[in-house]
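So the sequences go chain by chain: E and U.
Position one of the first sequence corresponds to residue 1 (full-length UniProt numbering), numbered consecutively onward.
Position one of the second sequence corresponds to residue 1 (full-length UniProt numbering), numbered consecutively onward.
Since the hints were derived computationally from the structure, they do not count as laboratory data.
For each residue, glycine too, the CB sits at the ideal point set by N, CA and C.
If a hint is listed, it holds; no wrong ones were tucked in.
Partial pick of chain U residues on the chain E-facing surface, computed with a CB cut under 8 angstroms:
(1) Glu11
(2) Tyr49
(3) Met58
(4) Asp173
(5) Ala213
(6) Tyr229
(7) Ser246
Have a look at the derived ranges for each label pair, beta carbon to beta carbon:
(8) E:Ser162 x U:Asn320: 50 to 60 angstroms
(9) E:Gln172 x U:Gln172: 52 to 62 angstroms
(10) E:Asn312 x U:Lys124: 53 to 63 angstroms
(11) U:Arg228 x E:Leu281: 40 to 50 angstroms
(12) E:Asn326 x U:Glu165: 50 to 60 angstroms
(13) E:Gly265 x U:Tyr13: 36 to 46 angstroms
(14) E:Val14 x U:Glu11: 30 to 40 angstroms
(15) U:Tyr13 x E:Arg323: 35 to 45 angstroms
(16) E:Asp113 x U:Arg228: 18 to 28 angstroms
(17) U:Asn320 x E:Gly2: 35 to 45 angstroms
Chain residues, written in single-letter form:
There are 2 protein chains.
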Amino acid sequence: MGFEQNIRKVEPYVAGEQPKNPGVIKLNTNECPYPPSPLVKEAEGKIDYEKLRLYPDMNAEKLVDALAEYYQVKPSQVFVGVGSDDVLSMAFLTFFNGSLPVLFPDITYSFYDVWADLYRIPYKTCPLTEDFHIRKEDYLVPNGGIIFPNPNAPTGVLEEVSMIEEIIRANQDVVVIIDEAYIDFGGESVLPLIDKYENLLVVQTFSKSRAMAGMRIGYAMGNEKLIRYLKDAKFSFNSYTMNLPSIEMGTAAVKDDAYFKETTGKIIATRERVKKEMKKLGFFFTDSMSNFLFAGHENVPAGELFRALKENDIYVRYWNKDRISNRLRITIGTDEQMDRFLEFLRSYLNN
Amino acid sequence: MGFEQNIRKVEPYVAGEQPKNPGVIKLNTNECPYPPSPLVKEAEGKIDYEKLRLYPDMNAEKLVDALAEYYQVKPSQVFVGVGSDDVLSMAFLTFFNGSLPVLFPDITYSFYDVWADLYRIPYKTCPLTEDFHIRKEDYLVPNGGIIFPNPNAPTGVLEEVSMIEEIIRANQDVVVIIDEAYIDFGGESVLPLIDKYENLLVVQTFSKSRAMAGMRIGYAMGNEKLIRYLKDAKFSFNSYTMNLPSIEMGTAAVKDDAYFKETTGKIIATRERVKKEMKKLGFFFTDSMSNFLFAGHENVPAGELFRALKENDIYVRYWNKDRISNRLRITIGTDEQMDRFLEFLRSYLNN
Chain E
1 MGFEQNIRKV EPYVAGEQPK NPGVIKLNTN ECPYPPSPLV KEAEGKIDYE KLRLYPDMNA
61 EKLVDALAEY YQVKPSQVFV GVGSDDVLSM AFLTFFNGSL PVLFPDITYS FYDVWADLYR
121 IPYKTCPLTE DFHIRKEDYL VPNGGIIFPN PNAPTGVLEE VSMIEEIIRA NQDVVVIIDE
181 AYIDFGGESV LPLIDKYENL LVVQTFSKSR AMAGMRIGYA MGNEKLIRYL KDAKFSFNSY
241 TMNLPSIEMG TAAVKDDAYF KETTGKIIAT RERVKKEMKK LGFFFTDSMS NFLFAGHENV
301 PAGELFRALK ENDIYVRYWN KDRISNRLRI TIGTDEQMDR FLEFLRSYLN N
Chain U
1 MGFEQNIRKV EPYVAGEQPK NPGVIKLNTN ECPYPPSPLV KEAEGKIDYE KLRLYPDMNA
61 EKLVDALAEY YQVKPSQVFV GVGSDDVLSM AFLTFFNGSL PVLFPDITYS FYDVWADLYR
121 IPYKTCPLTE DFHIRKEDYL VPNGGIIFPN PNAPTGVLEE VSMIEEIIRA NQDVVVIIDE
181 AYIDFGGESV LPLIDKYENL LVVQTFSKSR AMAGMRIGYA MGNEKLIRYL KDAKFSFNSY
241 TMNLPSIEMG TAAVKDDAYF KETTGKIIAT RERVKKEMKK LGFFFTDSMS NFLFAGHENV
301 PAGELFRALK ENDIYVRYWN KDRISNRLRI TIGTDEQMDR FLEFLRSYLN N
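Put together the whole structure using the sequences plus the hints.
Structural data, given as structure tokens:
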């Protein structure tokens, strides 16, 4: 045994596959089917490689300023990190230090319980309703903090801002984190509430609507106090994380609002069209406001569909887990990709 | 008080200043005075920006393969992360889970105790000798793991491989981490020992000798078991951290060994020349084998010199801390920068 006795044993994470075969239609990891803004390419070409010898700006001021301007908040209200996973993990560490359990839904982003365990934070999951909505009452009890995605993942279900505001208002003794990774596909953000409620942190990402999963950029917005606590915690043990290309190329992405609106608009239009077509084929699903659908079929089990799709080089996501084992999570691709997906379903379901 | 009661309060880290004035001679954060390899620039121009929409390869296979080839180890013996801070922090989390204290020197890299506190790891610091060497005996006692930099920071003192091997051999029930951030400036690496001792992890970085502090790339090498544990821990709670530019540009840097040898050779030559000149000026210092000197003056207090240098736009590092309050840490810059530094000292000390 020897040195292995002191080693942390974990449940390794199983990510959506990243196939190397370029023929695959990849609808399994909620990436954007369109490239980032052309301004990102331009910024890439302008990175001063001689500057790489220096540590990057630990405050990533340029990127923070661009985000602050875009969202009309103060730079002191913005925190950036290496993907929203980094930002969320830091927020768990910083804000969830109480002895009461942190609350989040039973069906939700798979890293919440992992971070809670990692930082030894007590938590309790609250069951979603049968149609995958949050039951407000579950969050109106004493707790050590609250976090949920809106829209939720992997369900795509969007909650009303008014309902979320009730939860925030009733929980001013703890921090409430709304994880808006998928908010740009038709949802209404709670961001305007950060000036009204000191206990609200809104987290977003460049990985979906800004088509930059490969850059790893996430950010949080909240009142200055929360952001300062986050920064203090982060800088106390890892000061330099956002590299120079992330800062430069991320900044460029934020500046191209026209492109952002165009691509998110296209994804929303494709999603609504695919919903109609899938309904005709006998699928049921949540009214997803994300860049993915969460769908099951009235006759054919999801596991079977998942395997049939995969054999035909169409990758979607499937979890053989309680309550969601008869659902597929299908990322919205380009119109062409979705047409091939629908065509396969039509032919498969008619045989 | 409200929500602030549950918030983690920390001692914020004070980094070496990153002045915006381009006239400053910046000898305060141990960066490389030369730019990265021209191959890095070339790789930068070739990054496929369309691929940024996809998550990066979580295994960073291309970079791992390049490092494995360079160091003549197996890819399964290499772990990469966002700077060596990320790698070291992950190693603390993964390997130091015992109940006995982890051991490291009293004067050493300032993040070791921070990570230990963060992950609630018990630790004990072992005083260096008067001339800042490790006392081997201090590490031949029951412990939960061992870590020290070689050469040490901020002292620059290099320990013999044979002495380190004795420590590794005597501690096969725990993991021993040798932090070789500064090994490429004339030190002998313990890397060849990873096939002999299963409990040895060697950590290095692109931030110093490879002139890429702005990219944030660090790596660890050890036997396959250790590397698998590290990967499992990392992937379990943050799967995607190395972004596409880091993977591509990091790989390019590893491939230019001629440039690497040329720049590290220049830094070593400059360091040895500066040692001689500083000695003539009445400085005493360790025989640093790093890209910095750790020096005090026989008559003038270090704090005074620090302020005088700063007023003249020459930034070095100074800590007003027990045992090192009469020392400056001076990064080795270009010959031209060091000549201006020496010139200032000559004139200051003669007045």
